[in-house]
Every structure is written in structure tokens, then in C-alpha cells.
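Whenever a hint applies, use it, and build me the whole structure from the sequences.
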Amino acid sequence: MNDLAVFRIGYDRAKWLAARVAVVSANVANADTPGYRAKDISPFGSVLNDARIQMTRSQASHLAPDQTIEARYGVSPRAGAIEKHSGNSVSLETEMAVLGETKSQQSSVTAILGAFHRMLLSSTRG
Amino acid sequence: MNIDPVSGKLPVRNADPAAGSAGKVSGSRDVGSGQMEDFSSMLGGAIADVAQQLRKAEAVSIAGIKGTASTQDVVEQVMQAEQVLQASIAVRDKVVAAYLEISRMQI
Amino acid sequence: MADDLKIAVASSVSSLRAQSTRMRVLSENLANATSTASTDGEDPYRRKIVSFKTELDRATGASLVRIQSISRDSSPFPLQHDPGHPAADKNGNVKMPNVNSLIELADMRESSRSYEASLQVVKQAREMISELVDLLRAK
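Protein chains in written order, with this note's numbering: chain A, 1 to 126; chain B, 1 to 107; chain C, 1 to 139.
I should point out that these hints are in silico values taken from the structure, not numbers from a laboratory.
Glycine included, C-beta positions come from ideal geometry on N, C-alpha and C.
Some clues are possibly wrong.
[As the list claims (entries may be wrong)] Looking from chain A toward chain B, a few residues come up when the C-beta cut is under 8 Å (computed): (1) 10; (2) 112; (3) 117; (4) 119.
Structural data, given as C-alpha cells:
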């Protein structure tokens, strides 16, 4: 029984989701900062086979300056963000919607990881 | 399970993937209706069924994590995997217990 | 992964602080919208302006929002004709605070919305951390 694949991709996904929350949080925090543009991280599919993902797997718990979310996943302006006259392009509704979706995706991933983890435990129990 | 007293064989269980209850293993192994198979091949078949279901569950979970499979599919396959695994563990435990009991018997 | 969630919490907590300060200043402006001087020659209340800046926390990588400055609005005081007023000038005009209550209220609403949104982020990020930790508890 080799379940390592589902765990590895599960962790990759969970890390990506956490990074996305951090970016959403930065957007919300800067919703009233003049000139700030709403950002998002690269889609999961595009980072899946990225060399940078390999780095996140063996990452130490502290962040070196070049291990920012930008360095690990790539950050770009949020598509469809409309710039207000202040130069700020954050829409709180959009950010809250992304946050909600991210949270529910994480629930699914942790549920899957939990299920396979339990199956592994129960099958190796004496 | 009715073991035939003469040949020591078991009747073939027909595959019923919709059953889902403990004790029934899904998957099909068409030996032909009415024929008997022996305990070891039933066990071997059951183990193969579990492995197949686990692989299936793993594949659909990976697809689910990537976003290409629906939540319903993932839930269905993972639950089925948990069920067949649980059933096979129960069988394994009983086999081990029976073996220990037999080995303790005075012949 | 929990590190990024902690970064998310840090960003939003900085936002809660910044928006709180902003709301305090806006309230002050509103409260003093009609605070004139007591004699001619003195100035009435001058509007305060809060400006934000983004700061990157080098240690954690968190994007924090900070108050860059609380400065005074240098726009001119509007005049109101009120000859009986103690601060009326020789033309009978009184200098009023350069506060437009409608603008302050609009800013207050915006600040309040941002505050609530940041609160939501803190709550949900903390729940996500909790969910991950619960994996260890799953039996």
C-alpha cells in the first residue's frame, strides 16, 4: 500500500492554500493604502510541477528572506481588479469570497489526509 | 459462510458493489455461479479487492486535491476504501486468532 | 504551512490596529466639526488626516499596514456669516473647522468595513490552523 502520493500532493495543496490566505490577508489589510494593487498567487496547477514546489517540501520552519511567498509560488496582480482613483484596487467582496473558497478547499484536503492517515494507522496496528 | 463438508470449499459470493456493509467485499471475480472456491483463494481475492479499492480511492483523492474530481466522487471512493479495509482487517484479525487457537490445540 | 497562516493573522492584526487608530481620528474630526475658536484671530479645529503605508516585516515576511502619519489638513477654513459670534471678524464672518462631516462619515464606513473584513481573516486563518492541528488528533 503506497499512499505517499496522496499525502505529498495533499501537503502541497495545503501549503499553497495557506500561502493564498496570507496574500488575501495582505490585500485586505491594505484595502485603504493608496496605490496598493490586489494580488494573488499562481494557480496550483501551474506550480504543481514547478521546481519551487520541491523547495517547499524540504523547507525549514523559519523563512529566509528569499523564501517569501513571492519566491515560492509567484505573485501577480489579481485579474479583474478595478483601480479606484486612489490607485488602490482591492475589493473586499472579492477577497472575502476567495478566503471562503480557500478555507473550504482546505477542509476538503485535511479531511482526505485524515482519512488516509487513519486507514494507514488502522492497517498497521498490531 | 457455508463450508462444504466434503470438499472444504466455500460458495462463491457474487460481487455486489452497492452493498457496502461490513463483511461484504466489493469487486468482481467471476468464477462462475454455483462453483466452489477454497478459503485461500477467497482470501487472496479479498486482499486484491482491497488494494484495488485503495488505489482507486487514492487516484480520485489526488484528482480531488487537484480540483479535477468532484467532492462526491472523492467521498464515495474514500468511504468505500475505509469500509473494505475495515472488513479485511476484521477478517485478518479473525484468521490470526483462529491460527493461534489452532496452534494451541493439543493434537 | 502554518507559518503562512500565522503571517496572514499578523497582517490582519496590523490592519485592525491601523483602522482603529483611523476611526479614532475620524471620530475626533466629527466631534469637532463645529468647534470654532473663542476669539477672532485664533484658528478653529483643523481637520486631522491619517495616512497608511505598507511595511514588510523582514523577520516573518508578513505584509503589515502601519500609520505613516497623522497630519493636519492644510485646506482653508470655510467662513460662516455670524456677526454675533465671539470669534467673528470685522466683516462678521467666523472661521469654521475645515471638516466635512459627510466625508468623515464615508471614511468611517470604509474604515469600519475594512476592520470587519480583517477580523474575518483573523478568525478564518486561526480556524484553518486549528483544522491542521486536529489532523494530529484524528483517531
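Practice task
Could you tell me which of the hints above the structure violates, numbers in ascending order?
Solution key: Hint 3 contradicted; others consistent.
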